[in-house]
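Taken in order, these protein sequences are the chains called A and B. Mapped onto the working numbering, the consecutive letters of the first sequence carry residue numbers 1 to 536. Mapped onto the working numbering, the consecutive letters of the second sequence carry residue numbers 1001 to 1351.
The reader is advised that the hints may include incorrect statements.
[Stated by the list, open to error] Examples of chain B residues toward chain A, derived with CB under 7 Å:
1. Phe-1094
2. His-1096
3. Pro-1269
Because the hints were derived from the structure by calculation, they are not lab data. Just so we're clear, the structure is a prediction, and the values are computed from it rather than from any experiment. Note that CB positions come from ideal geometry on N, CA and C, so glycine has one too.
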Amino acid sequence: MKFNSWYLSSFFVSFIVAIPILTVFTSFFQETTNYFDILKNTFLLEYIYNSLVLLFGVLILTFILGVGCAYIVSFYDFPGVKFFKWALILSFAVPAYIYAYSLTAFFENFGTLYSILKSLLGPGEYNKSIPKFDGMLGAILSISFSLFGYVYVLTRASFHYQSQNLIELGQNLGFSKYKSFFTIILPSARPAIVAGLALVAMETLSDFGAVSFFGIATLTTGIYDSWISFDDLAFANQLSFFLLLFILGLFFIENISRKRAQYHSPVKGGIKEKKKVKLNFSKAILSFGFCFLVFFISFLFPVLQMLYWTIIFPKNLFDLNTLQLFGNTIYLVFLSSIVLVIFSFISNYGNRVTKSKFLNYLTTFSITGYAIPGVILAVAFITFIAWFDDTFVKAFEFNSIKKIFIGSVFGLVIVYFIRFYSLAYNGLKTGYERINRSIDESSYLLGYSKIKTFLGIHVPYLKNSIFLIGILITIEVIKELPITLILRPFNFETFATTAYIFASQDLLEAAAVPSLFLILIASTFILITSKFILKD
Amino acid sequence: MTNNYFEIDNVSFAAGGNNKVNNVSLSIENEGDIVCLLGPSGIGKTTILRTIAGLEKIKQGTIKLRGKTISSSNTHVEPENRNVALSFQENSLFPHYNIEKNINLGSERVKDDKKILSKDIINFLNLNKILNKFPHEISAGEAQRASLARSLVSQPDLLMLDEPLSNVDQSFKEEIQVELKQILTNSKITTIIVTHDSYEAFYLGTKCGIILDGQLKQYDDPYNVYHLPNSVEVVNFLNRGILIPAEVTSPKSLENEDLGTITGNFARPFPIGSKVKLLIQPEDLEHDDSSNLKLEVVDRKFRGSNFIYTLKTISNKLIPVFVHSHHIHQHEVDEKFGIKRPIHIDHIVCF
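Just chain A, with the same shape it has in the complex:
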């Protein structure tokens, strides 16, 4: 094995990303304050119970919404179906915590619904009859409507690739539509559905904004509290260890499902265009109604709620330093995208050039970082920096490096890098898999060096992948909350943190403006990439 510069660069990148995972595992054995004993006997069970209830609630709802919408838009033809095909993915632009603010704002006492009823029907005691979607139910609804898009996108792709022959076979065997759905269509899309649900599960367990807003104590909020409120970093890491085990299990399920889902890729020579069933009037109305309802509740409802508040409380718009927030958000997006794309490129190319099995294992291990909740990553990062500072920096009597990494944009970008590395790495890897190795070899034989091959052949060829990855990172960074909240510099706010801070102070109407901006920016980027996300 030759340890050339590509090997070392690639190793370095993967190692940096693997640090938080290693930190969480090693911290498990550290001593903590007696808070751990208190928690073990009292709250820990509640954390686990709440996490599980939330998880199953969200899984059931996202399954119904995601698979239902995917089935209708894939197999049936009705007015608006082309619009819903992409409109349904706009829900990706609404983070669960903003959905939670909207839900509360609309249904709370003297909230938006109350105002609507009052203006329509005159003054009355409407508060008693308005249902309240808060607590666990609110959290399940918020997270489900924000995340069902994962199940929708993957299931729709799987339905799209299902062979028309398979469906015709069911018809030839005399199966009813109902029987065809349950015996042919659904089972063959199972790997895609499981992959989508596993992603939803990971995101649900990682969710911080929505559950903390509704006051639900889960493992994730427990980690945040044990660090912020009880100043027990070791315990935060131990809780992280439990959560991480849980999430790694889901990660492997998702990985296995994804591999199996490849069997549903189109065969050579393309696939036979699926014939959509044209629905009669009443069924078309029902299908349109279902899709519109999901689109309305998942996207229009939070947007309109935020817009409504922005309009009736215009002062909040003018008080907010929108330009500054926009600048900060874009600054972070720009830095993260550049860093992620460059280092993912180096790592991908390093793996490709060196063909090292060890490097490949290390990379596979390090990209599990996407399964780790932002809260854990941030806490693990702080733990590592503190340990490194105490063990090495202070030992040699250098100045502390904590300020460089904690509470700085530099540290923030590093943790974003770790969090979204798998997104960038896998995105480029998919692009790289389309480049036959003999193309690299031809390039070398034409006299191109490795760096010239990289810059002259790979980078131009993968420019579409780079563009797509850049936008996906942008969407994620704009929505990201816990890492930004924990690691941002003093007085450095983004749309996400501003919305959270207002909401946590019960100033929901003030949270509306940053939330609205956040959704609008994220929606714009989603629309730009919709062609890729819904790639047939």
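Following the hints, complete the assembly by docking chain B onto the known chain A.
Chain B alone, transformed into the frame defined by chain A:
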């Protein structure tokens, strides 16, 4: 000390840690010579090319080009510094460049005064119509020709072609073979061609190497490889004849129980009285309706210019015989077929 243009000395070729072809030694004496390597699929022919190109390393032996060591156990000149071109069997064109740009990339490092006109090569390989297309828009055969053009314009010290015409239409293949040989000879490009088509190898090669069972079994002129195969394995691989038992009766004759006396020149001498296996190739025996040596026809293959009859001897051996297709009449299966006597074979090959 030899002054070979290219030399492989006792090299074992390996891919992915597995040895494929062991202890190979061969040389190309003159610049502009063409060597063809023949062998069954998966035997390691491509591995040899990849190793010479520097894409695989070696643990033993030496590879020299123009007297300079390019690979050995402790030397490895990187592929980009060898000035060696390899045209891959699969499509290795750069997907984001059109065909013209792909071809022109090949000539980037060639000095102006040495450049072969890419226009000529484009013409001879019939690529004019696809110059503005992208690799995914052309057929496998076109991609192979474009890749060949790119390698040719790069004017390498050593050109290697991996099954260069495997995807090319049969109707176009012979024409390309002729022009390819012409252009390689005129431009004095030393070339190693891997192919599984023995006719292609015999036509293009100054020398041919037969790779079997992890070894270079024979490395010789095409004529000798065909007429004087040096082992039973080579005979079986070329599939051009059968071995029948015979006894050496004199320095210029031997005796077979079915065919009687056979005369000719032995490729290698055997003591009188030796029991040997005699190679009978389709063109060794001649048809003669008036002969009293009659064998039974068990099969007849029409090959355009000739027929190949498969005849059964009394001892149940199956012998192939060529007959010109304009021969006055055809013999049906189960009919008797006369063999001209006395039988004389120019090169008697025995094992």
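Tested hints:
no., hint, result
1, Phe-1094, "holds, 6 Å"
2, His-1096, "holds, 5 Å"
3, Pro-1269, "violated, 47 Å"
Checked against the numbered hints listed earlier, the structure breaks hint 3 alone; every other hint is satisfied.
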